[in-house]
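Enquirer: Heads up, the first sequence is in this note's numbering, so the first residue is 163 and it goes up one at a time.
Some hints could be false.
[Stated by the list, open to error] With a Cα cut of at most 25 Å, we get these calculated BS3-like pairs of lysine-lysine:
hint: 1; residue 1: Lys-487; residue 2: Lys-409
hint: 2; residue 1: Lys-370; residue 2: Lys-387
hint: 3; residue 1: Lys-461; residue 2: Lys-387
hint: 4; residue 1: Lys-167; residue 2: Lys-177
hint: 5; residue 1: Lys-168; residue 2: Lys-323
hint: 6; residue 1: Lys-385; residue 2: Lys-415
hint: 7; residue 1: Lys-409; residue 2: Lys-353
[Said to hold, decoys possible] So the derived label-pair ranges between C-beta atoms look like this:
hint: 8; residue 1: Pro-352; residue 2: Thr-311; range: 40 to 46 Å
hint: 9; residue 1: Gln-452; residue 2: Val-379; range: 43 to 49 Å
hint: 10; residue 1: Gly-372; residue 2: Tyr-253; range: 23 to 29 Å
Just so you know, these hints were derived from the structure itself, not from any lab. Backbone N, C-alpha and C fix where the C-beta goes; we use that ideal spot for every residue, glycine too.
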Amino acid sequence: MKFSKKLISWYLQNKRTMPWRETKNPYHIWLSEIILQQTRVAQGLPYYLSFIDTFPTVFDLANANEDDVLKLWQGLGYYSRARNLHITAKYVANELQGVFPSNYKDLLALKGVGDYTASAIASICYDEPVPVVDGNVYRVLSRFFGIKTPINTTAGVREFKELAIELMDHDEPANYNQAIMEFGALQCKPKSPYCIVCPLNDSCEGLKNGWIDTLPVKLKKQKIKKRYFNYLVYSINGKQTILQQRKGNGIWKGLYEFPLIEVEENDRDSIMSNAFFQKMINGHEYKITQYREEPIVHKLSHQHLYTRFYIVNVNKLPALTKEQKIIDFAETHTYPVPILLGNFIEEFFKV
DNA sequence: AACGCGGGGGT
DNA sequence: ACCCCAGCGTT
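Use the sequences and the hints to build the structure in full.
Expert: In structure tokens, the structure reads:
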């Protein structure tokens with residue numbers, strides 16, 4: 163039997179039930195695909211349900227405030243996905259009368275939709291025979307065909323894409339694409355795949371040569387940067403605090419946070435002598451206490467954030483920058499914040 | 001072509 | 001610790 167037909171056969175018997183597999187509504191499929199980028203099904207599923215519930219149509223999403231979209235996205239990470247989601251919703255609602263593009267090429271033009279996502283939507287919604295090449299597909303193909311080309315190089319991306327095009331099932335694009343991904347997720351998984359009971363184990367080059375544990379080949383690991391964050395949690399007359407929105411292009415763009423002092427070395431002197439800190443407290447009576455002695459270490463894929471919170475008690479309003487807003491304690495939890503701050507707010511303000 | 005971007009789960 | 005996850009946009 164053909165490679166693709168074996169996978170589809172496996173898929174029809176082993177696929178998990180998921181809400182986005184019950185529909186071909188492009189709005190729902192698009193939403194699920196954006197949410198699932200670099201995200202496990204178990205983590206993304208509750209977000210998918212709450213987005214569908216809160217924004218039943220692309221018009222509802224388009225008419226929302228960006229802050230509300232980010233708030234619903236809070237905790238899912240890679241927040242540019244949420245901002246691009248909102249941009250694309252407005253584009254589809256306002257420029258395309260709510261009708262999504264119906265082919266790979268036009269889908270690719272949407273913000274936040276790359277090669278993978280355009281292929282996924284085009285194949286699932288419109289039966290266009292364009293192959294998806296995600297992390298699962300790299301693993302399945304590299305093992306089955308014994309391909310050692312690193313997957314995160316230009317040559318690797320091109321080689322696997324060309325192979326995927328050859329293998330594409332033109333009779334059932336939707337089933338085939340979901341089959342190879344589901345197969346990679348459940349059967350040909352990264353560690354301890356079920357080769358003994360695999361329907362492809364009689365012709366798998368990786369298994370035959372003992373390469374299962376070394377495929378796919380991926381070049382270098384990014385090294386982790388350490389950063390030292392010091393948040394000033396203002397308590398103004400014990401009722402209000404200050405939040406500011408992150409600008410620029412770094413992490414958490416668009417999310418809110420307390421006034422932040424980032425230092426190179428995490429010693430108390432460098433924080434207290436920091437120019438920004440002096441400016442914030444200059445001319446005001448204040449009492450400052452450190453929330454916890456030990457920093458909270460927030461681990462991201464690419465950096466570790468050693469974070470301290472300082473409670474700054476004041477009786478007068480400090481001078482605010484343009485980005486800063488006075489917020490009632492009870493309202494702090496309505497702003498989209500990184501999960502690191504969300505946890506703190508929940509604990510400290512008891513909201 | 002290389003890099004930055006979250007948070008969670010598995011081993 | 002380290003890897004991976006239905007990747008994408010920017011530089």
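Enquirer: State for each hint whether it applies.
Expert: Here is how each hint holds up against the structure:
no., hint, in the structure
1, Lys-487 to Lys-409, "14 Å, holds"
2, Lys-370 to Lys-387, "40 Å, violated"
3, Lys-461 to Lys-387, "10 Å, holds"
4, Lys-167 to Lys-177, "15 Å, holds"
5, Lys-168 to Lys-323, "20 Å, holds"
6, Lys-385 to Lys-415, "22 Å, holds"
7, Lys-409 to Lys-353, "39 Å, violated"
8, Pro-352 to Thr-311: 40 to 46 Å, "18 Å, violated"
9, Gln-452 to Val-379: 43 to 49 Å, "46 Å, holds"
10, Gly-372 to Tyr-253: 23 to 29 Å, "50 Å, violated"
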